[in-house]
Amino acid sequence: MSRVHVTLSVNGEPREMLCEAHQSLLDALRDELGMTGTKEGCATGDCGACSVLADGRLVCSCLMLGVEAEGMDITTIEGIAQGSELHVVQRKFLEAAALQCGICTPGFIVAAKALLDQNPNPDETTIRYWLAGNLCRCTGYDKIVRAVQDAAQELAYEA
Amino acid sequence: MEGYAYARPTSVAEAIGVLQSDAASGRRSQLLAGGTDVLVQMRSNDREPRTLVDVKHIAETNRVDIGDEEVFIGAAVPSAVLNENAQLKALFPGLLESADLIGSTQIQGRASIGGNLCNSSPAGDTIPAIIADGGICVIAGPDGSREMPCEEFVTGVGQNALGAAEFLLGLKFKTPASGSGDAYLRFIPRTEMDIAVAGAGVALTLDGGGTCTAARVSIGAVAPTALLVPEAAEALIGTQVDAAALAAAGAACSAAASPIADKRGTVAYRRKVVGVLCRRASAIARDRALNNIGGSQ
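Sequence order for the protein chains is A and B. Count along the first sequence from 1, then add 522; that gives the number in our numbering. Count along the second sequence from 1, then add 68; that gives the number in our numbering.
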């Protein structure tokens, strides 16, 4: 089967990959680029573990094809921290113990950062609706929501 | 050619060329917009290799045009993009709410109302809303484009009127007159991330005295396809959309429904709920219309 050459940007770096036509962006990131931070949960768009930003918009990378990412800017969990300095959302997840097994965490962090980028002061209802497409089977959601609220508060304090 | 292939046409002619060449060679083509249904189907029960024809890179499928007479919504515009368009939201709040109900934030970033329509599920949330708003499907094909009322587009469960070398360019609506309002409501047992048990879309226009002069009512998830219910519209037209008219419209929807029983609800339950949803959606559409009387939207 012929593979398709895809040129894209991942976390600000120009990258190239060879994808099968029906290969998901999730599989292409993990298997072709070796970027395994993005997780597969359900592979049907229900759980959000594979969340990435495509041209700034939050999407499930399991519901995009690698070939569809041609020319796009993709941001994955690996691009959220600045070098060794964690993003405030990542730090607050640690401080609030908002994770157990960690499979859902990259998706939650990418999704939460996307929310705070467009709405720096979301109320609890907004956070819960925004994150309705991210499922956690370990902790329950209260600690996760509190971590996002704490991150928003710190961002507001810094601003 | 075996296996999956991917085509990314950038013009209507190029897309039709791909579809025609596949049709001529007996190869399957699959139209791809946001992919939120297609990719799931490809991985579960329908793995037959095919050409994925990505229609997102054609100018027409990405356009939103709002004119004094007509509104055009490209088939591949993601729901999130539609819901960020304040002008469109003011004109068709019900239609945009129906799109906003589908899936998560992540799904919203990709899924389109054109894709929802072409997936042709009985429970597709945008379909009753499009029908209520009088949406016309603009279909591109080898002989140019043709138009068809949305209520005729879906022909069965997962089936629609698209021919082998055709694809949906977008949807055309008349720009609502002053005194118009629309609404869509669905019932699901939770608040997010579920498939409609029943749904109802209503669009209506009131005159200066608050009397309904035009209405369209459509119901979803209670028959193999979304249905236009003229009897429900007739129950609203000529009234002040008061309690009696709402009850009559609701009863007409319950009577028009021919639901199945499944894990989401029994036949009797769906029949009752679709009437309630029609009543409530009609009341919301009426209140929105009252707010629009005399003013340009």
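No wet-lab data here; the hints were simulated from the structure. Among the hints, erroneous ones may be present.
As the list claims (entries may be wrong) - Simulated restraints on C-beta separations:
#1 Ser213/B to Pro536/A: 34 to 44 Å
#2 Asp595/A to Ala229/B: 32 to 42 Å
#3 Arg613/A to Ala282/B: 53 to 63 Å
#4 Arg613/A to Glu70/B: 41 to 51 Å
#5 Glu607/A to Ala282/B: 56 to 66 Å
#6 Gly212/B to Glu676/A: 54 to 64 Å
#7 Glu607/A to Arg95/B: 43 to 53 Å
#8 Val132/B to Gly605/A: 37 to 47 Å
Glycine residues also receive a C-beta, built at the ideal position from the N, C-alpha and C atoms.
Status of each hint after checking the structure:
| no. | hint | in the structure |
| --- | --- | --- |
| 1 | Ser213/B to Pro536/A: 34 to 44 Å | 39 Å, holds |
| 2 | Asp595/A to Ala229/B: 32 to 42 Å | 37 Å, holds |
| 3 | Arg613/A to Ala282/B: 53 to 63 Å | 56 Å, holds |
| 4 | Arg613/A to Glu70/B: 41 to 51 Å | 50 Å, holds |
| 5 | Glu607/A to Ala282/B: 56 to 66 Å | 60 Å, holds |
| 6 | Gly212/B to Glu676/A: 54 to 64 Å | 58 Å, holds |
| 7 | Glu607/A to Arg95/B: 43 to 53 Å | 51 Å, holds |
| 8 | Val132/B to Gly605/A: 37 to 47 Å | 40 Å, holds |
In this structure, none of the earlier numbered hints is contradicted; all agree with it.
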